[in-house]
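The task is simple: from the sequences and hints, build the whole structure.
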Amino acid sequence: MRHSAHAAALLAALAVLAPQSVQAQFAKSEDAIKYRQGAFTVMAAHFGRIGAMVNGRVPYDAKAAAENAAVVAAVSRLPLSAFGPGTDTGRDHRAKPEVWRDAAKFQAAGDRMAEAAARLPAAAGDPAALKTAFGAVAASCKGCHDDFRKD
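Under numbering that gives the first Met the number 0, the first residue of the sequence shown is numbered 0, with each subsequent residue one higher.
Treat the hints as calculated values from the structure; they're not laboratory data. Incorrect hints may appear among the rest.
Listed below are the simulated DMTMM-like cross-link pairs for lysine to aspartate or glutamate, each with C-alpha atoms no more than 25 Å apart in a straight line [unchecked claim]:
{"#": "1", "residue 1": "K149", "residue 2": "D60"}
{"#": "2", "residue 1": "K62", "residue 2": "D146"}
{"#": "3", "residue 1": "K149", "residue 2": "D110"}
{"#": "4", "residue 1": "K27", "residue 2": "D91"}
{"#": "5", "residue 1": "K130", "residue 2": "D145"}
{"#": "6", "residue 1": "K62", "residue 2": "D150"}
{"#": "7", "residue 1": "K33", "residue 2": "D91"}
{"#": "8", "residue 1": "K141", "residue 2": "E97"}
{"#": "9", "residue 1": "K149", "residue 2": "D30"}
{"#": "10", "residue 1": "K141", "residue 2": "D110"}
{"#": "11", "residue 1": "K104", "residue 2": "E114"}
{"#": "12", "residue 1": "K27", "residue 2": "D101"}
{"#": "13", "residue 1": "K62", "residue 2": "D125"}
{"#": "14", "residue 1": "K33", "residue 2": "D125"}
{"#": "15", "residue 1": "K33", "residue 2": "E114"}
{"#": "16", "residue 1": "K104", "residue 2": "D60"}
{"#": "17", "residue 1": "K33", "residue 2": "D145"}
{"#": "18", "residue 1": "K95", "residue 2": "D145"}
{"#": "19", "residue 1": "K95", "residue 2": "D30"}
{"#": "20", "residue 1": "K149", "residue 2": "D125"}
{"#": "21", "residue 1": "K33", "residue 2": "D87"}
{"#": "22", "residue 1": "K95", "residue 2": "D146"}
{"#": "23", "residue 1": "K104", "residue 2": "D125"}
{"#": "24", "residue 1": "K141", "residue 2": "D125"}
{"#": "25", "residue 1": "K104", "residue 2": "D30"}
{"#": "26", "residue 1": "K130", "residue 2": "E114"}
{"#": "27", "residue 1": "K27", "residue 2": "E114"}
{"#": "28", "residue 1": "K149", "residue 2": "D101"}
{"#": "29", "residue 1": "K141", "residue 2": "D101"}
{"#": "30", "residue 1": "K95", "residue 2": "D110"}
{"#": "31", "residue 1": "K130", "residue 2": "D91"}
{"#": "32", "residue 1": "K104", "residue 2": "D146"}
{"#": "33", "residue 1": "K27", "residue 2": "D60"}
{"#": "34", "residue 1": "K104", "residue 2": "E29"}
Right, dumping it as structure tokens:
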């Protein structure tokens, strides 16, 4: 448990620091695309583990729920910083042009998702609360996918 708490604290610190500095570190647009795709992949894997619990596909495990919720909450802020100007080309991706045409709306959608994800760790100890928090994150993800993701 101590290792999980330390890892969650580190991820949270990175999530706070990364958005300010990430855009500057991309030498090429494809680097930004790979970064955001990687962050989404990590977030989806851990969110899927929570989903398996709340949907009854695997037994509820409070420790696993807390660990996965901490990762989702920490990583949820990372991908947004990699959607800067000029990061719409250079590598295949599923982002619609609206991400860059309506950046303020996209940022607001990403903020809503990150705010919902931030509530997951507190809900992880109670299956009913986790299911509610999971639903809020899923709805925010769907809203963003509907407006800003191809396919």
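Evaluated hints:
1. A distance of roughly 34 Å separates the Cα atoms of K149 and D60; the hinted pair therefore is violated under the 25 Å criterion.
2. A hinted pair counts as satisfied when its Cα atoms are at most 25 Å apart, and K62 with D146 does not qualify at roughly 34 Å.
3. The hinted pair formed by K149 and D110 meets the criterion: a straight-line CA distance of about 20 Å does not exceed 25 Å.
4. Restraint check for K27 and D91: satisfied, since their Cα atoms lie roughly 14 Å apart, inside the 25 Å limit.
5. Of the pairs offered as hints, the one joining K130 and D145 holds, with about 22 Å between alpha carbons and a cut-off of 25 Å not exceeded.
6. Restraint check: the Cα-Cα separation between K62 and D150 comes to about 34 Å, which exceeds 25 Å; the hinted pair is violated.
7. At roughly 9 Å between alpha-carbon atoms, K33 and D91 fall within 25 Å of each other, so this suggested pair holds.
8. Taken as a hint, the K141 and E97 pair is honoured in the structure, with Cα atoms around 16 Å apart against an allowance of 25 Å.
9. Pair hint K149 plus D30 holds up; C-alpha atoms about 20 Å apart against a cutoff of 25 Å.
10. Annotation: proposed proximity of K141 to D110 holds, straight-line Cα distance about 14 Å (limit 25 Å).
11. With a C-alpha separation of about 15 Å, the suggested pair K104 and E114 falls inside the 25 Å cut-off, and the hint holds.
12. Between K27 and D101 the alpha-carbon distance is near 22 Å, which keeps this suggested pair within the 25 Å criterion.
13. At most 25 Å may separate the alpha-carbon atoms for a hinted pair to count; K62 and D125 meet this at roughly 11 Å.
14. A threshold of 25 Å between alpha carbons decides the hint, and for K33 with D125 the separation of about 35 Å lies outside it, so the pair is violated.
15. Of the pairs offered as hints, the one joining K33 and E114 holds, with about 24 Å between alpha carbons and a cut-off of 25 Å not exceeded.
16. Restraint check: the Cα-Cα separation between K104 and D60 comes to about 36 Å, which exceeds 25 Å; the hinted pair is violated.
17. Between K33 and D145, the direct Cα distance comes to roughly 21 Å. Compliance with the 25 Å bound is thereby established for this hinted pair.
18. Using a Cα cut-off of 25 Å, the hinted pair K95 and D145 holds, with the two alpha carbons roughly 10 Å apart.
19. In summary, the hint linking K95 to D30 is supported, as the alpha carbons are separated by about 18 Å, within the 25 Å threshold.
20. A C-alpha spacing of about 35 Å is found between K149 and D125, which places the hinted pair above 25 Å, so the restraint is violated.
21. At roughly 12 Å between alpha-carbon atoms, K33 and D87 fall within 25 Å of each other, so this suggested pair holds.
22. Taken as a hint, the K95 and D146 pair is honoured in the structure, with Cα atoms around 8 Å apart against an allowance of 25 Å.
23. Distance check on the hinted pair: K104 and D125 sit about 33 Å apart at the alpha-carbon level, beyond 25 Å; violated.
24. Only pairs whose Cα atoms come within 25 Å are accepted, and K141 paired with D125 is accepted, the gap being roughly 24 Å.
25. Taken as a hint, the K104 and D30 pair is honoured in the structure, with Cα atoms around 24 Å apart against an allowance of 25 Å.
26. A threshold of 25 Å between alpha carbons decides the hint, and for K130 with E114 the separation of about 16 Å falls inside it, so the pair holds.
27. Only pairs whose Cα atoms come within 25 Å are accepted, and K27 paired with E114 is rejected, the gap being roughly 29 Å.
28. At most 25 Å may separate the alpha-carbon atoms for a hinted pair to count; K149 and D101 meet this at roughly 15 Å.
29. As the CA atoms of K141 and D101 are separated by approximately 18 Å, the hinted pair is consistent with the 25 Å bound.
30. Using a Cα cut-off of 25 Å, the hinted pair K95 and D110 holds, with the two alpha carbons roughly 18 Å apart.
31. For the given pair, K130 sits about 34 Å from D91 by alpha-carbon distance, which is inconsistent with the 25 Å threshold.
32. Taking the CA atoms of K104 and D146, the gap is about 10 Å. The hint holds against a cut of 25 Å.
33. Restraint check for K27 and D60: not satisfied, since their Cα atoms lie roughly 41 Å apart, outside the 25 Å limit.
34. For the proposed pair K104 and E29, the alpha carbon gap of about 23 Å is at most 25 Å, so the pair holds.
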